[in-house]
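Undergrad: So you can see what is in the structure, the chains are spelled out below.
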Amino acid sequence: MTEERKKPVNRRGFLKGAAAAGAVTLAGAAESGARAAPAPAVAPPPMSPEAESAAPQELEVLTAETSGSDFMVDVLRALDLEYVCSNPGSSFRGIHEALANYAGGPGPEFITCTHEESSVAMAHGYAKIEGKPMAVMAHGTVGLQHAAMAVYNAYCDRVPVYLILGNTLDASVRRPGVEWVHSVQDAAQMVRDYIKWDDTPVSLEHFAESAMRAYMVAMTPPMGPVILVADSELQERPLESRDHLTVPRLTRTTPPQGDSAAVEEAARLLVTAEFPVIVADRAARTAAGMEGLVELAETLEAAVIDQGGRMNFPSRHPLNQTAQARAVLAEADVILGLEMTDFWGRTHAFRDQIHRTWRSIIRNDARLISINSGDLATPSNYQVFQRYTEVDLAMAADAEATLPALTEAVRRRLDGDRQRVLDERRDALAGAHRDIHERVRRDAAYAWNASPVSTARLSAEIWNQVREHDWSMVVGSGNSLSQWPQRLWRFDRHYQRIGESGGYGVGYGAPAAVGAALANRRHGRLSVNIQNDGDLMYGPGVLWTAARYRIPLLTVMHNNRAYHQEVMHIQRMANRFERGIDNAGFGNTLRDPDIDFAKVAEGMGVYSEGPIDRPADVAPALRRAIDVVRNGEPALLDVVTQPR
Amino acid sequence: MKGLLALPMSALVLGTVSPVQETAVGDREAGRLAYVETGCSACHGLEGQGAGNTGSRLAPDPIPFPAFSAYIRQPTGNMPPYTAAVLGPDALADMYAFLESIPDPPDADSILPAP
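Line by line, the protein sequences are chains A and B. Be aware that the first sequence starts at 55, since it is given in my numbering, and climbs by one per residue. Be aware that the second sequence starts at 43, since it is given in my numbering, and climbs by one per residue.
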């Protein structure tokens, strides 16, 4: 940052000498926010001796000292945005340049991404670790089109992402060609069904206020992506004075808490229940959220099922009954659902045969309580809300924010007699938990020496190597690993698991892992990504971003060489129609040629080894890769695995 | 009808066979190939170890053959049905022989860290 760049913004030399008269109209437009008049049509004099010696008729203003983008960057600084992930684009070149040359001190760091979907997915993963949004910049047209699926994932996962889109509203000043096709009347329209809020400011004051509002909306449960459209004229127009501009103070909302009467009623139902069960999905956003759930569960001595949308409950806590979820739900007389994405699906069994059937798996007299901020913002078009559930007491509120009051209400209702019942319940649940964990260990040993490597062995080997570190599994807890990490590992910190994509849009894993690892970097955590092969192929360029910005991340490929979920679906169809099962892999395997992910990673500047298909080779390779990661670099191991 | 000892499929499906007849003789190696080629390993793992919610554990010590056969033909859960049209009785018996041949796993304490 040079001294020149640090000049106060009011030090202006905008109108200079003979240019003053010609620039008055332009400056006036900047002040008023009105459309700038075209610059005088002054033809450059021919470079002849006569022209060079003649006095200029009029001097065109070609430079200015500051612009609207500088002010926009100051606004972004006020929002506590650490990073801007972006694939560069001309429609936001003003802000891009201001970030490079004006920002200087503390301000968002520009992270170059190779695809807008990666930018948004990185922000998605980052927000779930850091608890605040990351900014993403993209073209309002082609950039957002690339980003759309990742925006949908973040929306479904209730994660804040702060998108800034470049656009050129004023058709009369658009450059011919590209700028026209990269301009749009209503940029956010394409994704408005699955964002929380958007605005297209027409002045810098408007930009500043909407920037604050966007942040506030994104961070209010249910959280979600927001869009601020930055008009290119607003970005690039010279700024005459800041006298009329202020950066507003950011207002932060407190999350909505459950109605006090409903909280009391929930406490009454839970305390008087014979066998209450708590089911948590996207409930714990923070360490306090997880601690709050532990406190409630221990106060009630209630079984807890962790759906895995967030790190809700310690995996080895005696009350954690996730591994026998259906058994405890069948026994429950009161079920408390916290930020449930699909309460109906959790309480029913669905059979995907030629005639689709379903049945309840809970008692007919079971009472259902729900605390769900999702009820505050149910969309219409996209069917993210799942099937209607008959809930007896539904609080449209944030679960994490409501837990302390609920726990306190439960405590007030407990007496000595009730406590004895609770103690017996705790002992029974703890015994069941121990038995389940022992069974899981035995189960992991099956196919221990098989090649390709079993998902149980892969998970066990990684656990053996990371357990002594301060680790964070940023991606890898999905069904494709048969839940082995959840079953085998000891999860007890809120950042050790952050859920999955939300929208099941493939391509989330690798970039979300890099974004989460970027957030973990400052905390010195070992970020672990168990990466599906098909998912990485959507945007392998994010490996370059990890290498470029020295983002320490251990990626272990779960390389089953297929879009395996689809293999199973085709197999189901083939069986259903008795057409043989020889073509189950038709169009959904990643063979011939097999993808060499170690070479892909190497080409991106990432340390790599593989393919590894002998189980005994996994542990030594992990040790080498972890050494690389502990030294601040990404590393990738390509392990060839069994399907599930 | 290699593999099954004179058991009509209908009897297997209905589960009406007597315990004495509940055996199958198959070719283990042919069964291994059939197990993979017919896609069993896609959900149950290459050694029948199971895969969480996707497919239950089949081996070692598979369930008795009649129940095994009956479930494959007419599953009561989410598993797709393998009718005789797509999986013949010989292949079924071979597959069972393969599953029976899978040895016990190593002791968990010898390979996994203590909890």
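Treat the hints with care, as some may be off.
To be verified - Ranges between beta-carbon positions, derived for each pair:
{"hint": "1", "chain 1": "A", "residue 1": "D524", "chain 2": "B", "residue 2": "E71", "range": "17 to 25 angstroms"}
{"hint": "2", "chain 1": "B", "residue 1": "D151", "chain 2": "A", "residue 2": "E632", "range": "40 to 48 angstroms"}
{"hint": "3", "chain 1": "B", "residue 1": "P102", "chain 2": "A", "residue 2": "H523", "range": "30 to 38 angstroms"}
Quick caveat, the hints were computed from the structure, so don't treat them as lab data. The beta-carbon is built from N, C-alpha and C at its ideal position, and this holds for glycine as well.
Undergrad: Are the hints correct? Go through all of them and say.
TA: Checked hints:
1. D524/A to E71/B: 17 to 25 angstroms: Taking Cβ atoms as reference, D524/A and E71/B lie about 48 angstroms apart, which means the hint is violated.
2. D151/B to E632/A: 40 to 48 angstroms: Since D151/B and E632/A have Cβ atoms about 46 angstroms apart, the given range 40 to 48 angstroms holds.
3. P102/B to H523/A: 30 to 38 angstroms: 35 angstroms Cβ-Cβ, so the 30 to 38 angstroms window holds.
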